[in-house]
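Colleague: Chains as they are written, first to last, in the numbering used here: chain E, 1 to 280; chain C, 1 to 311.
Honestly, I wouldn't trust all of these hints.
As the list claims (entries may be wrong) - With beta-carbon atoms standing in for the labels, derived distance ranges: (1) TRP109(C) x GLU280(E): 48 to 58 Å; (2) TRP109(C) x ILE120(E): 34 to 44 Å; (3) LEU174(C) x ASN176(E): 52 to 62 Å; (4) GLU280(E) x HIS191(C): 29 to 39 Å; (5) GLU140(C) x ILE120(E): 51 to 61 Å; (6) ARG5(E) x LEU174(C): 34 to 44 Å; (7) THR267(E) x VAL24(C): 47 to 57 Å; (8) THR267(E) x GLU74(C): 55 to 65 Å.
What the hints assert, rightly or not - Facing chain C, according to a computed beta carbon distance under 7 Å, are these residues of chain E, among others: (9) ASN183; (10) THR187; (11) LEU188; (12) GLU189; (13) LEU193; (14) PRO202; (15) LEU265; (16) ASP266; (17) ARG274; (18) TYR278; (19) ARG279; (20) GLU280.
The set of hints was computed from the structure by calculation and includes no laboratory data. Where is the CB? At the ideal position from N, CA and C, for every residue including glycine.
What follows is the residue order along each chain.
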Amino acid sequence: MKPSRPWLAPLLSAIFFALFVGIWHLATLPTSAAVQVDPEYAALVGQAAATGTKSAMPTPGEVGAKLWEHFRDPFYDKGTNDKGIGTQLAFSIGRVLLGFSLAALVAVPLGFVIGMSPLIYKALDPFIQVLKPISPLAWMPLALYTIKDSDISAIFVIFICSLWPMLVNTAFGVANVRRDWLNVARTLEVSRLRTAFQVILPAAAPTIMTGMRISVGIAWLVIVAAEMLVGGTGIGYFVWNEWNNLSIANIISAILLIGLVGMLLDTLLARLARAVTYRE
Amino acid sequence: MTPSFLKVEGLARRFPGPAGTPGVTVFEDIHFGIEKGEFVCIIGHSGCGKTTILNVLAGLDEANDGLVIMDGREVRGPSLDRGVVFQGHALLPWLSALGNVAFGVRSRWPAWSAKQVEEHSTRYLEMVGLGPALHKKQAELSGGMKQRVGIARAFAIQPKMLLLDEPFGALDALTRGTIQDELLAIVQATHQTVFMITHDVDEAILLADKVLLMSNGPGARIAEIVEITMRRERTRNSIHHDPQYYRIRNHLVDFLVNRSKGYADDKMPDHDPRQPPVVRPGLEGGAETLPLPARTAPVAASIHPLKNLSA
Ligand SMILES: Nc1ncnc2c1ncn2[C@@H]1O[C@H](COP(=O)(O)OP(=O)(O)O)[C@@H](O)[C@H]1O
Ligand SMILES: [Mg+2]
Numbered sequence: 001m002k003p004s005r006p007w008l009a010p011l012l013s014a015i016f017f018a019l020f021v022g023i024w025h026l027a028t029l030p031t032s033a034a035v036q037v038d039p040e041y042a043a044l045v046g047q048a049a050a051t052g053t054k055s056a057m058p059t060p061g062e063v064g065a066k067l068w069e070h071f072r073d074p075f076y077d078k079g080t081n082d083k084g085i086g087t088q089l090a091f092s093i094g095r096v097l098l099g100f101s102l103a104a105l106v107a108v109p110l111g112f113v114i115g116m117s118p119l120i121y122k123a124l125d126p127f128i129q130v131l132k133p134i135s136p137l138a139w140m141p142l143a144l145y146t147i148k149d150s151d152i153s154a155i156f157v158i159f160i161c162s163l164w165p166m167l168v169n170t171a172f173g174v175a176n177v178r179r180d181w182l183n184v185a186r187t188l189e190v191s192r193l194r195t196a197f198q199v200i201l202p203a204a205a206p207t208i209m210t211g212m213r214i215s216v217g218i219a220w221l222v223i224v225a226a227e228m229l230v231g232g233t234g235i236g237y238f239v240w241n242e243w244n245n246l247s248i249a250n251i252i253s254a255i256l257l258i259g260l261v262g263m264l265l266d267t268l269l270a271r272l273a274r275a276v277t278y279r280e
Numbered sequence: 001m002t003p004s005f006l007k008v009e010g011l012a013r014r015f016p017g018p019a020g021t022p023g024v025t026v027f028e029d030i031h032f033g034i035e036k037g038e039f040v041c042i043i044g045h046s047g048c049g050k051t052t053i054l055n056v057l058a059g060l061d062e063a064n065d066g067l068v069i070m071d072g073r074e075v076r077g078p079s080l081d082r083g084v085v086f087q088g089h090a091l092l093p094w095l096s097a098l099g100n101v102a103f104g105v106r107s108r109w110p111a112w113s114a115k116q117v118e119e120h121s122t123r124y125l126e127m128v129g130l131g132p133a134l135h136k137k138q139a140e141l142s143g144g145m146k147q148r149v150g151i152a153r154a155f156a157i158q159p160k161m162l163l164l165d166e167p168f169g170a171l172d173a174l175t176r177g178t179i180q181d182e183l184l185a186i187v188q189a190t191h192q193t194v195f196m197i198t199h200d201v202d203e204a205i206l207l208a209d210k211v212l213l214m215s216n217g218p219g220a221r222i223a224e225i226v227e228i229t230m231r232r233e234r235t236r237n238s239i240h241h242d243p244q245y246y247r248i249r250n251h252l253v254d255f256l257v258n259r260s261k262g263y264a265d266d267k268m269p270d271h272d273p274r275q276p277p278v279v280r281p282g283l284e285g286g287a288e289t290l291p292l293p294a295r296t297a298p299v300a301a302s303i304h305p306l307k308n309l310s311a
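Chain E extracted, bound-state conformation:
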């Protein structure tokens, strides 16, 4: 038997991380060689950066310093274009959770009905098949036109993109509850409502949770793009704003945090999924 070495994988991760940071560091070191540059580009990014004495690409140290700055004061608010990164993340998370919750409120009951009735399943299937592959951002102009509120439009886009995975998974989970379990409920004369809540729901819960996990993942992907479009607040807007300010260090900080929050959301739902999973 091989001795188990639980520290091996984290050690490798640390080495990979160090390698990555090292290469990054070397690649962004200021070089002395004068390089011919396009004057317009030089004007845009600053003379020093353009000629290569100082790259516009920050070094790992600079990004680290920026991150530290953000961590020390994440929630400040100095007007529309200058809010702490924590505030911006909170806006985004709020929109995602709101849009996602609304979608769950619609998708789970509707998925239940679709899963229980083959007729309704057949009747609604063409609509679902057409609506499902539409990029949620394609709804944005329509949402802005009808709702006339950028904030609600962003939430609507999250709602739409969270809807389909939950709907399809719930319907699938409900339709595939083991015949035997339903027969148990029937022979025990358990009412339809109790069967729905005490047999079908727990039986389909793992599948439903999988749908929720996919939905939250997509919603978190989409919110960044949606906020870039509607502007105002949120981490997507923050990224776009920093692009305009040409603060690459800020952009990289935001990218890192987007990844971390996404991972947290996924872990949270994985926990919930584990709580409703049953072993057969």
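For this one, chain E is given, so just place chain C with the ligands on it according to the hints.
Modeller: Then chain C with the ligands, alone, in the frame of chain E:
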């Protein structure tokens, strides 16, 4: 003669074939009765339609012809009056053993308090020796324990009749023996009426008062009814000492091996599916065939291959 507690008359089940092809008649012209407190086993080859008959008795499936009457009322749909132990135990895996039993108990006595439900459920789980495993979930239970929970769940609702579909088929011989003994003890104590499917001849002889022999499908019939003529107080250990045992056993095995074919389509003119011959192997000189006292009026046209059942 008083009518049987459970009466099956002219039962037939047909499944439609794939589009365009004629369907199959799994069984037809099934007649039998079960008295109160009687333990009846049915044996027959795999696929002859035993599970289908049990599902019709349970009310989970509908027959195409015929009817089932229990305690004077026609069976239409499932009922708490008939407890079912499923072939694959069918426990709800997210509930504990206690939760599974309580699920049925709560449905049977909706007015009971949580404490009453728990006490009642616990009592039945203890009866099948699961006192120490009340809070275990399915994944933590062995095959035998799962089947015991299934049995406790069915007994706990105190049904008028118990239906068991090969309950011990998936168990090892040792466990099967133990649970057979437990079941025997409980049934003898409670005088429960039982209908049980098995493919195990010894199990049928040990447990049953009479054994229905089902011919091969399609078009399966009840070929014979074998009375188990040994003392009711038999046990698994003593049963082999009774010379009757081997006579009955040989008769059943002989049926399964040699005689289970050819009952379909009224190919056996002497066989009246409405009154399957009652057999007491080993008594009164060999495997003698005694006609059952008439339950339904004998059909005049019974020699006719095509009987009009609806007439
Ligand atoms: N829903 C169904 N549709 C079509 N055929 C079925 C269906 N259920 C059972 N059958 C057929 O009926 C026959 C009897 O099945 P079953 O009652 O399970 O047999 P047994 O329990 O005696 O092994 C089998 O040949 C099976 O293929
Ligand atoms: Mg079967």
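Colleague: If a hint holds in the structure, say so; if it does not, say that too.
Modeller: Hints versus structure:
1. Range check, TRP109(C) to GLU280(E): Cβ separation about 29 Å, and the 48 to 58 Å hint is violated.
2. In this structure the supplied range 34 to 44 Å holds for TRP109(C) paired with ILE120(E), their Cβ-Cβ distance being about 35 Å.
3. Checked against the given bound of 52 to 62 Å, the beta carbons of LEU174(C) and ASN176(E), roughly 36 Å apart, lie outside it.
4. Taking 29 to 39 Å as the suggested C-beta distance range, the pair GLU280(E) and HIS191(C) conforms, at roughly 35 Å.
5. Our hint of 51 to 61 Å for GLU140(C) and ILE120(E) is violated, since their Cβ atoms are close to 38 Å apart.
6. ARG5(E) and LEU174(C) have their C-beta atoms about 42 Å apart, which keeps the hinted 34 to 44 Å range intact.
7. For THR267(E) and VAL24(C), the Cβ-Cβ distance of about 53 Å falls inside the hinted range of 47 to 57 Å, so the restraint holds.
8. Between THR267(E) and GLU74(C) the beta carbons are some 56 Å apart, a value that agrees with the proposed interval 55 to 65 Å.
9. At a threshold of 7 Å, the smallest CB-CB gap from ASN183(E) to chain C is about 5 Å, leaving the interface hint in force.
10. Restraint check, THR187(E) versus chain C: the minimum CB separation of about 4 Å is within 7 Å; hint holds.
11. The criterion of a C-beta within 7 Å of any C-beta in chain C is met by LEU188(E), whose closest approach is roughly 4 Å, and the hint holds.
12. Nearest Cβ of chain C to the Cβ of GLU189(E): about 5 Å, under the 7 Å cut. The hint holds.
13. The closest approach between the C-beta of LEU193(E) and any C-beta of chain C is roughly 12 Å, which is over the 7 Å cut-off, so the hint fails.
14. Nearest Cβ of chain C to the Cβ of PRO202(E): about 5 Å, under the 7 Å cut. The hint holds.
15. Interface hint at LEU265(E): violated, since its Cβ lies 25 Å from the closest Cβ of chain C, which is beyond the 7 Å cut-off.
16. The interface hint given for ASP266(E) is violated, since its Cβ lies 24 Å from the closest Cβ of chain C, which is over the 7 Å cut-off.
17. For the restraint placing ARG274(E) at the interface with chain C, the shortest Cβ-Cβ distance is roughly 13 Å, beyond the 7 Å limit, so the hint is violated.
18. Taken as an interface hint, TYR278(E) checks out: its beta carbon lies about 4 Å from the nearest beta carbon of chain C, inside 7 Å.
19. Given hint, ARG279(E) at the interface with chain C, holds; its Cβ is 4 Å from that chain's nearest Cβ, closer than 7 Å.
20. Of the supplied interface hints, the one on GLU280(E) holds, with its beta-carbon coming within about 5 Å of a beta-carbon of chain C, less than 7 Å.
The structure fails hints 1, 3, 5, 13, 15, 16, 17 (numbered hints given earlier, in ascending order).
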